[in-house]
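J.: Chain residues, written in single-letter form:
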Amino acid sequence: MAQGQAGGTPPSDAASHPGDEAPAPVFKPPRQPFLEVLGALTQRRTVVLGVAGVIIFFAVWEVAHYVTPEEKQRFLPAVEQVVAEIAYLFAEKNFIADVGTSLYRIYASFFVASLIAVPLGVFMGCFVKARALISPTTGGWRYLPAASFAPLLLVWFGPTDFAKMALLFLGCFFFLVALILDNTLAVQRELIESGLTMGAKRRQVVGITFRAAAPAILDSMRNMIAVAWTYLVIAEIIVATDGIGAVMMRAARFLHVDIMMGGILTIGVLGVLTDISFRIASRVLFPYLRVRR
Amino acid sequence: MAVFGRGRTAAAQTGANAPVEGAPPLRANRVTKSYLKGSVIALDDVSFDVHANQVTAMIGPSGCGKTTMLRLMAGLEYPSRGDVTMFGQPIMGPGPERGMVFQAYTSFPWLTTRSNIEYGLKLQGLAKAERRERAEHFLDLVHLEGFANAYPAELSGGMKQRVSIARTLAQNPALLLLDEPFGALDAQVTWEMEEMIIEIIERENKTVVVVTHDIQEAIYLADRIIFYTRQPGRIKADLPMEFKEGRRFHKKEEMLVHPGYVDMERRLYAMMREEIRGRVS
Ligand SMILES: Nc1ncnc2c1ncn2[C@@H]1O[C@H](COP(=O)(O)OP(=O)(O)O)[C@@H](O)[C@H]1O
Ligand SMILES: [Mg+2]
Numbered sequence: 580m581a582q583g584q585a586g587g588t589p590p591s592d593a594a595s596h597p598g599d600e601a602p603a604p605v606f607k608p609p610r611q612p613f614l615e616v617l618g619a620l621t622q623r624r625t626v627v628l629g630v631a632g633v634i635i636f637f638a639v640w641e642v643a644h645y646v647t648p649e650e651k652q653r654f655l656p657a658v659e660q661v662v663a664e665i666a667y668l669f670a671e672k673n674f675i676a677d678v679g680t681s682l683y684r685i686y687a688s689f690f691v692a693s694l695i696a697v698p699l700g701v702f703m704g705c706f707v708k709a710r711a712l713i714s715p716t717t718g719g720w721r722y723l724p725a726a727s728f729a730p731l732l733l734v735w736f737g738p739t740d741f742a743k744m745a746l747l748f749l750g751c752f753f754f755l756v757a758l759i760l761d762n763t764l765a766v767q768r769e770l771i772e773s774g775l776t777m778g779a780k781r782r783q784v785v786g787i788t789f790r791a792a793a794p795a796i797l798d799s800m801r802n803m804i805a806v807a808w809t810y811l812v813i814a815e816i817i818v819a820t821d822g823i824g825a826v827m828m829r830a831a832r833f834l835h836v837d838i839m840m841g842g843i844l845t846i847g848v849l850g851v852l853t854d855i856s857f858r859i860a861s862r863v864l865f866p867y868l869r870v871r872r
Numbered sequence: 166m167a168v169f170g171r172g173r174t175a176a177a178q179t180g181a182n183a184p185v186e187g188a189p190p191l192r193a194n195r196v197t198k199s200y201l202k203g204s205v206i207a208l209d210d211v212s213f214d215v216h217a218n219q220v221t222a223m224i225g226p227s228g229c230g231k232t233t234m235l236r237l238m239a240g241l242e243y244p245s246r247g248d249v250t251m252f253g254q255p256i257m258g259p260g261p262e263r264g265m266v267f268q269a270y271t272s273f274p275w276l277t278t279r280s281n282i283e284y285g286l287k288l289q290g291l292a293k294a295e296r297r298e299r300a301e302h303f304l305d306l307v308h309l310e311g312f313a314n315a316y317p318a319e320l321s322g323g324m325k326q327r328v329s330i331a332r333t334l335a336q337n338p339a340l341l342l343l344d345e346p347f348g349a350l351d352a353q354v355t356w357e358m359e360e361m362i363i364e365i366i367e368r369e370n371k372t373v374v375v376v377t378h379d380i381q382e383a384i385y386l387a388d389r390i391i392f393y394t395r396q397p398g399r400i401k402a403d404l405p406m407e408f409k410e411g412r413r414f415h416k417k418e419e420m421l422v423h424p425g426y427v428d429m430e431r432r433l434y435a436m437m438r439e440e441i442r443g444r445v446s
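These protein sequences, in sequence, are chains Y and F. The numbering used here puts the first residue of the first sequence at 580, with every later residue one more than the last. The numbering used here puts the first residue of the second sequence at 166, with every later residue one more than the last.
No lab work stands behind these hints: they were computed from the structure. Note that the structure is predicted; figures quoted are calculated from it, not measured. Treat the hints loosely; a few may be bogus.
[Unchecked claim] Derived CB-CB ranges, DEER-like:
#, chain 1, residue 1, chain 2, residue 2, range
1, Y, 599, F, 357, 37 to 47 Å
2, F, 428, Y, 607, 54 to 64 Å
3, Y, 862, F, 227, 37 to 47 Å
4, F, 351, Y, 790, 28 to 38 Å
5, F, 439, Y, 708, 41 to 51 Å
6, F, 298, Y, 790, 23 to 33 Å
7, Y, 608, F, 202, 52 to 62 Å
8, F, 351, Y, 805, 35 to 45 Å
[As the list claims (entries may be wrong)] Examples of chain F residues toward chain Y, derived with CB under 8 Å:
#, residue
9, 239
10, 241
11, 260
12, 264
13, 284
14, 288
15, 316
16, 318
17, 336
18, 434
19, 435
Here a beta-carbon is modelled for each residue, glycine too, at the ideal position from N, C-alpha and C.
So that you can see chain Y by itself, here it is in the shape it has in the complex:
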């Protein structure tokens, strides 16, 4: 066996008696630095690194709190103080109702925005003339800052839920339309043409385009709902009746920094959960994108 390496015994000899031969030594690839180029990660290590990032973030925050001079520390509370404050809000201040209200506003208005934006975007993507007619207008609307409509909406609809949700709608609808139009236009042209040569009519062509763009559309929605949170807070701060934003606005009056930061943290957690839900929905709705074998 040893002379196999030293004397150069023909390898065919070894191949014919695989049982006699010890297995080839395990190859040790060179150690990779942390900033490995084109590396691949196991699922587990990906999660470990992600969690580590979160822990580092909170650690930096915690350190920042303790290096702040004693008399100013109440402007930058420690992580545990903020978490305790959130727990207190839920336990004593019926914070769950505010969270529920905010969630309802964001999901309901985003749902309505999507309900119109998705068909409109796909429609414009399918038909040149419709696109030429509508796209410049909806595209232009993106440059009208939604926040600047807040006073106007307040005058029109008063401090109602509707005013807040209208602001949310304005904030994401036109961007959503533009993104979905792009997703639709990115559909491979041959996919539609092959449909046409199979006898697809206008209706089926729209169907093909929608099915082909659907994964990208869901991705656009996932990215857009993150932006919707911004408008939610703007709406609830300007008309501070209820909701997470209102709780924060009231806290600001009494310099309750821990409540304000608790509100921000809550929104962050809800945002991440929303993002995860969208990713799960994508896996469930588009199983064909992942190779099983």
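Please build the complex by placing chain F with the ligands on the supplied structure of chain Y, with the hints as guidance.
T.: Just chain F with the ligands now, with coordinates in the frame of chain Y:
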């Protein structure tokens, strides 16, 4: 997606018209196609007939208008001058009687192999049982029996192209149009597919127009080769594959040793060289 520019889907119109007695399956009649307000002349006054139950290959240097001609036949574009007729009727849009296989993979990612094959049949209003049966037949024909329930993402490039071919054949088109169908495949898969196409053509007895840039492939598949010049696109030569004496080679290597093949290949290389001389590709 400018395919909708012409408004009303014309597929229905072509189907409705009765074929003219004795007219060829396809006829290009003084076809000119220009782009960019006439600054690019893809095809310049091209006329020819496609004969029934023949394989017609169109070859020529890159950019000579092969794809353009095939798209005109499919009804995906319209000529600037002249017309393309099918059994005597001008082509007024795409339709299932002219099946097309593209170079790009076009099987629908959200459908399994079987559903992809059944898609066109569903559009034609076939009952479920019959769709199943037809799909089964064409799955066998392209040797994908074991992959009926796989999604395109799970298939190799060659398999995806088999799905496209099966799906197109299943709609039972009078004409089969192939635009560099194996252009994205590697050499070994390509000749496997070429032999499969020959096998299918023999069994299904189709009229086929195939575009290719591969001289060997053109000679292997074709009963007749139309060679285009570039810019403006015109027919340089129209060559029947007489050396085949009406038969087709089931194995490619049988053809490669045929003196007639060697001759034809030399001629086509000479033409290609003439065309590309002095031009940088
Ligand atoms: N939609 C288009 N717009 C402008 N020019 C085009 C278009 N389609 C094709 N052409 C031009 O027409 C010529 C022929 O193209 P094509 O038929 O694709 O060539 P081939 O398939 O033989 O390589 C080329 O010069 C190409 O650039
Ligand atoms: Mg081409």
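J.: Does residue 260(F) meet its interface restraint, that is, does its C-beta lie within less than 8 Å of any C-beta in chain Y?
T.: holds (6 Å)
J.: May I ask you to test the interface hint for residue 284(F) with respect to chain Y, counting a Cβ-Cβ separation under 8 Å as satisfied?
T.: With a minimum Cβ separation of about 6 Å from chain Y (threshold 8 Å), the hint on residue 284(F) holds.
J.: Does residue 241(F) pass the interface hint, meaning its C-beta sits closer than 8 Å to a C-beta of chain Y?
T.: With a closest approach of 6 Å, the residue 241(F) hint holds.
J.: If I claimed the Cβ atoms of residue 439(F) and residue 708(Y) lie 41 to 51 Å apart, would that claim hold in this structure?
T.: holds (45 Å)
J.: Take the C-beta atom of residue 298(F) and the C-beta atom of residue 790(Y), compute their distance, and say whether it sits inside 23 to 33 Å.
T.: This hint holds: roughly 25 Å between Cβ atoms.
J.: Just to be sure I understand the hint, the distance between the Cβ atoms of residue 599(Y) and residue 357(F) should be within 37 to 47 Å; is that true here?
T.: Holds, at about 40 Å.
J.: A range of 28 to 38 Å was offered for this pair. Does it hold for the Cβ distance of residue 351(F) and residue 790(Y)?
T.: Since residue 351(F) and residue 790(Y) have Cβ atoms about 30 Å apart, the given range 28 to 38 Å holds.
J.: Have a go at the residue 434(F) hint: is there a Cβ in chain Y nearer than 8 Å to its own Cβ?
T.: Residue 434(F) check fails; min Cβ-Cβ to chain Y is 30 Å, beyond 8 Å.
J.: Can you tell me whether the CB distance of residue 608(Y) to residue 202(F) sits inside 52 to 62 Å?
T.: At 59 Å between Cβs, range holds.
J.: Take the shortest C-beta to C-beta distance between residue 288(F) and chain Y; is it under 8 Å?
T.: Because about 5 Å separates residue 288(F) from the closest Cβ in chain Y, which is inside the 8 Å limit, the hint holds.
J.: So, as I understand it, the hint says residue 318(F) touches chain Y; can you test that by seeing if any CB pair is closer than 8 Å?
T.: Residue 318(F) check passes; min Cβ-Cβ to chain Y is 5 Å, inside 8 Å.
J.: Less than 8 Å between beta-carbons is the criterion; does residue 316(F) satisfy it with respect to chain Y?
T.: holds (4 Å)
Hint compliance for this structure: hints 18, 19 are broken, all remaining hints hold.
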